[in-house]
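**Q** The sequence shown finishes on residue 294 if you use our numbering, and the numbering steps up by one all the way, no holes.
Please note: incorrect hints may appear among the correct ones.
Think about it this way: if two alpha-carbon atoms lie no more than 27 angstroms apart in a straight line, the pair counts; the simulated BS3-like pairs of lysine-lysine are [what the hints assert, rightly or not]:
(1) Lys145 to Lys209
(2) Lys221 to Lys210
(3) Lys221 to Lys209
(4) Lys209 to Lys220
(5) Lys210 to Lys220
(6) Lys221 to Lys88
(7) Lys220 to Lys145
(8) Lys221 to Lys145
Restraint ranges, calculated between C-beta atoms of paired labels, are given here [said to hold, decoys possible]:
(9) Arg111 to Ala85: 35 to 45 angstroms
(10) Ile69 to Gln289: 37 to 47 angstroms
(11) Ala175 to Pro243: 25 to 35 angstroms
(12) Thr170 to Ala96: 17 to 27 angstroms
(13) Arg112 to Val73: 39 to 49 angstroms
(14) Gln289 to Ala200: 12 to 22 angstroms
(15) Asn202 to His259: 26 to 36 angstroms
(16) Asp271 to Asp169: 22 to 32 angstroms
(17) Leu205 to Arg103: 17 to 27 angstroms
It should be emphasised that the hints constitute simulated quantities derived from the structure, not laboratory data.
Fair warning: this is a prediction, and the values are worked out from it, not measured in the lab.
Ideal placement from N, C-alpha and C gives every residue a C-beta, glycine not left out.
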Amino acid sequence: MLIQPTHEFSWDRVFRPGVMARLLTFLGLRKEAIIRFLNYPQFAVVILLLVPYLILAPVVTLTLGRRADWAVQKVFGWMWLAVFGIYRRVWIHPEIRRDAQYVYMAEHFSLHDVPLYGSTWPTVTAALSAKEYANVPMYGWVIRAAGTQFIERRDTREAIADLHALRDRMGPDGLSVLVVPTGTRAENAQLLPFKKGVFFFSTELKKPIVPLCLVGLEHLRVGKNYCRPGRVDVVYGQPIRPEDHPEAFASPEALRDLVRARMLDEGRELRRQRQLLLRN
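Work out the full structure: start from the sequences and follow the hints.
**A** The following block contains the structure:
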């Protein structure tokens with residue numbers, strides 16, 4: 015059952031508007047984003063739970079390295095999902111090796127995608143996210159602490175520089191990377207058109223691409239970011255390897271079409287199987 019706020023949160027009841035406006039400007043935050051989070055009880059609980067994470071993640075990274083922070087990211091994901099009552103089953107294709115590097119190309123429905131992926135990915139992974147999320151209260155701080163690489167979507171030159179920065183990080187740290195090829199969230203299980211930039215990146219990188227599907231989340235979502243309790247299947251598909259598809263990895267357009275066809279086929283089949291199981 016969706017829990018609605020009993021009243022609209024207002025800064026004016028707590029602080030003088032002029033003082034709060036100056037504080038938010040100093041922190042680089044948007045008042046609307048904070049109000050949206052505080053209007054839902056679960057988000058308020060998540061904020062309280064994630065305060066220790068914001069302290070722990072940098073300490074772990076500085077003392078044990080970025081690879082150790084991977085375990086802390088999993089804990090963050092579990093905590094977030096537990097608060098919202100979302101439980102997940104994880105399906106990992108047997109060809110995926112835990113000591114390899116991959117480009118995970120994932121579906122995107124809501125803010126809950128991040129903890130679903132972060133609590134399940136089989137390799138040490140950094141996510142690629144839009145730069146405007148970096149300053150969203152708590153959420154942006156948490157994904158920044160988790161090592162997310164932010165990309166400027168509105169400027170092609172800056173976006174290319176951000177992708178190169180991510181490529182440079184992957185080598186020394188042995189990272190895999192999570193990208194959303196649509197560049198934005200979908201309203202339902204229909205796959206939106208893919209952006210070409212991540213495929214230029216992938217043809218340069220020459221790492222296997224793993225299609226990643228969230229089956230069932232589209233039925234739990236209420237509005238843009240809120241979710242009802244329920245089960246989500248997180249499915250890591252068969253890797254698309256450069257040696258198996260050399261022509262596709264030589265052309266961003268061909269690689270985009272190949273990955274999109276694979277994600278469409280796998281997504282339809284997975285959702286069909288889920289519906290059959292639910293009926294039985």
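**Q** Confirm or reject each hint.
**A** Going through the hints against the structure:
1. Lys145 to Lys209: Within the cut-off at roughly 16 angstroms; holds.
2. Lys221 to Lys210: Holds. Lysine 221 to lysine 210 sits at ~17 angstroms (cutoff 27 angstroms).
3. Lys221 to Lys209: holds (18 angstroms)
4. Lys209 to Lys220: holds (18 angstroms)
5. Lys210 to Lys220: Roughly 16 angstroms between the alpha carbons, so the hint for lysine 210 and lysine 220 holds.
6. Lys221 to Lys88: This hinted pair holds, its Cα atoms lying about 24 angstroms apart.
7. Lys220 to Lys145: Satisfied, since the Cα-Cα distance of roughly 25 angstroms is no more than 27 angstroms.
8. Lys221 to Lys145: Holds: lysine 221 and lysine 145 sit about 24 angstroms apart, inside 27 angstroms.
9. Arg111 to Ala85: 35 to 45 angstroms: violated (19 angstroms)
10. Ile69 to Gln289: 37 to 47 angstroms: With Cβ atoms ~43 angstroms apart, the hint holds.
11. Ala175 to Pro243: 25 to 35 angstroms: violated (41 angstroms)
12. Thr170 to Ala96: 17 to 27 angstroms: Violated, at about 40 angstroms.
13. Arg112 to Val73: 39 to 49 angstroms: Roughly 25 angstroms apart at Cβ, these two residues miss the hinted range, so it is violated.
14. Gln289 to Ala200: 12 to 22 angstroms: holds (18 angstroms)
15. Asn202 to His259: 26 to 36 angstroms: The hinted range 26 to 36 angstroms holds for asparagine 202 and histidine 259, with Cβ atoms some 29 angstroms apart.
16. Asp271 to Asp169: 22 to 32 angstroms: holds (26 angstroms)
17. Leu205 to Arg103: 17 to 27 angstroms: holds (21 angstroms)
Violation of the numbered hints given earlier is confined to hints 9, 11, 12 and 13; the remaining hints are satisfied by the structure.
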